[in-house]
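A.B. asks: Those protein sequence lines, which keep their order, are chains R and Y. Heads up: the first sequence at position 130 corresponds to 130 in the numbering used here, and the numbers run straight through without jumps. Heads up: the second sequence at position 148 corresponds to 148 in the numbering used here, and the numbers run straight through without jumps.
Because the hints were derived from the structure by calculation, they are not lab data. In this text the structure is predicted, and so the values were computed from the model without any measurement. Accuracy of the hints is not assured; some may be wrong.
Said to hold, decoys possible - Facing chain R, a subset of chain Y residues (Cβ under 8 angstroms, in silico):
1) S111
2) G151
3) T160
4) I168
No residue lacks a Cβ here, since even glycine has one placed at the ideal position from N, Cα and C.
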Amino acid sequence: MATKVSLINMKGGVGKSTLTVNLAWHFASYGDWNKKVLVVDLDPQFNASQYLLGVTEYEKILKAGKPTIWDVFEQGTRTPGGTVSLADCHAPIHVHRKFHGGGVIHLIPSRLELAFSLKNPGSKERHLARLVRGVEDEYDLILIDCAPTESILTTACYLSSDWLLVPVKPEYLSTIGLPLLVNSMADFHRDYPDHKLQLAGVVFNAASDYYPEEALAKATVRGIAKSNKWYVFTNEVEYSRSYPKGAREGLPIHRTSYSRWSKVHNFEAVAEELAQRVSL
Amino acid sequence: MNEKREFDLLVDVARLLRRYGPEAFDALANYLKRPEAADRIVAVLSASARTVRGLSLSPRSAGQGERSRSGVERLLLSLEKTEPEKAQMLATFYQKLQSKSILPSLRDLRSFVADNGLAPISAKSRDKAILPFIKDLASRPLDIVKPVVEGARETVQDRTLEGWAGVILDEKRRSKEQK
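Modelling step: build the complete structure from the supplied sequences, incorporating the hints.
C.D. replies: The structure is reproduced here in structure tokens:
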């Protein structure tokens with residue numbers, strides 16, 4: 001059965017998609033991991049899909065009319081063209097990469113139209129969890145890249161996950177997303193008391209040790225984490241220009257051209273710490 | 001022969017005459033009139049031609065890419081006699097490699113080899129890496145080579161901002177789907 005981890009923060013631009021894709025590559029192909037990884041892009045901005053697929057492959061999926069995360073949420077909805085249905089839970093899964101050691105990266109891509117689902121939330125929040133239950137025995141790790149706003153997508157991500165990983169950019173505005181997440185999780189636990197959802201921790205992303213602004217932001221985050229008994233990762237994802245470059249090349253940091261080994265090893269340390277936290 | 005070429009030769013002869021002088025020219029003309037001179041000339045010119053041909057095939061003058069190319073072509077020709085299907089598949093694959101529509105850099109090639117569990121590449125350039133890479137593929141059974149070759153995606157992929165703008169602003173598709 002897969003370990004299900006959602007990457008979430010109520011603030012956008014903290015590097016959730018970049019981290020999701022790099023973690024997927026890491027556990028599927030780096031070192032001896034060779035894990036079967038499913039990435040679920042749950043953000044209408046579809047950055048994880050953009051990163052993994054590129055325009056050509058993404059357009060192919062849309063033009064072929066293959067289901068995406070939108071179809072997962074809209075199944076059962078009546079439209080003038082008929083009722084939206086999913087042939088089976090594997091239909092929206094796109095095989096992205098297979099590695100010799102047995103590792104894979106599969107993706108449920110997202111699309112802009114997912115934002116329309118938020119206009120008519122209905123009772124769609126359980127659809128994703130149902131799909132995940134149908135496929136989780138085929139994977140070791142399911143990574144869900146969440147949208148940065150409170151909506152049915154957030155509830156869907158909580159219901160589909162065992163763990164939450166919270167990337168935080170150590171800067172003033174990014175830290176404000178954290179109290180929002182505290183509220184969001186409290187609401188969820190109240191509404192779904194039987195669902196076991198644990199916090200893997202808060203990880204600082206794009207840290208550059210710029211003092212004093214960054215130090216202040218980190219201290220604030222540590223304070224919030226302490227009062228909520230949240231774990232803060234000892235390793236931080238250091239800032240590197242290779243991350244945006246990797247997104248452009250469709251590759252993780254360990255394969256991005258001219259990425260520094262120190263940065264590659266830094267990411268490895270973060271990934272290994274996550275693996276320990278979630279017992280992967 | 002045409003008139004232009006004959007005229008060019010005459011100009012070259014005139015230049016040589018000026019360079020070596022009329023005495024050397026007369027002496028050579030008398031030498032060439034002797035019957036044994038023709039055989040001697042043919043032997044000297046043949047020896048020169050062999051030397052030139054040898055130089056053009058020597059490792060110093062042939063580029064690494066060129067040698068790799070001829071090596072792959074020889075390999076595929078001999079493979080065609082025993083395993084025509086595999087040879088055909090590898091020939092197509094090789095053409096794509098040559099045009100860089102797949103695995104355009106040495107790094108891509110190394111990653112591909114690692115992902116597919118093939119023999120690691122130690123070559124320092126893409127050109128040099130191709131021959132051992134194809135040799136490795138040729139040595140493996142067809143049922144293993146086929147998925148590997150098919151798995152090499154065309155790397156000339158659009159990842160541009162313009163491309164994404166096209167996807168996002170594709171009104172035609174969006175309005176069709178909203179119906």
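A.B. asks: Against the structure, test the hints numbered earlier, and report the numbers of the ones violated in rising order.
C.D. replies: Failing hints: none at all.
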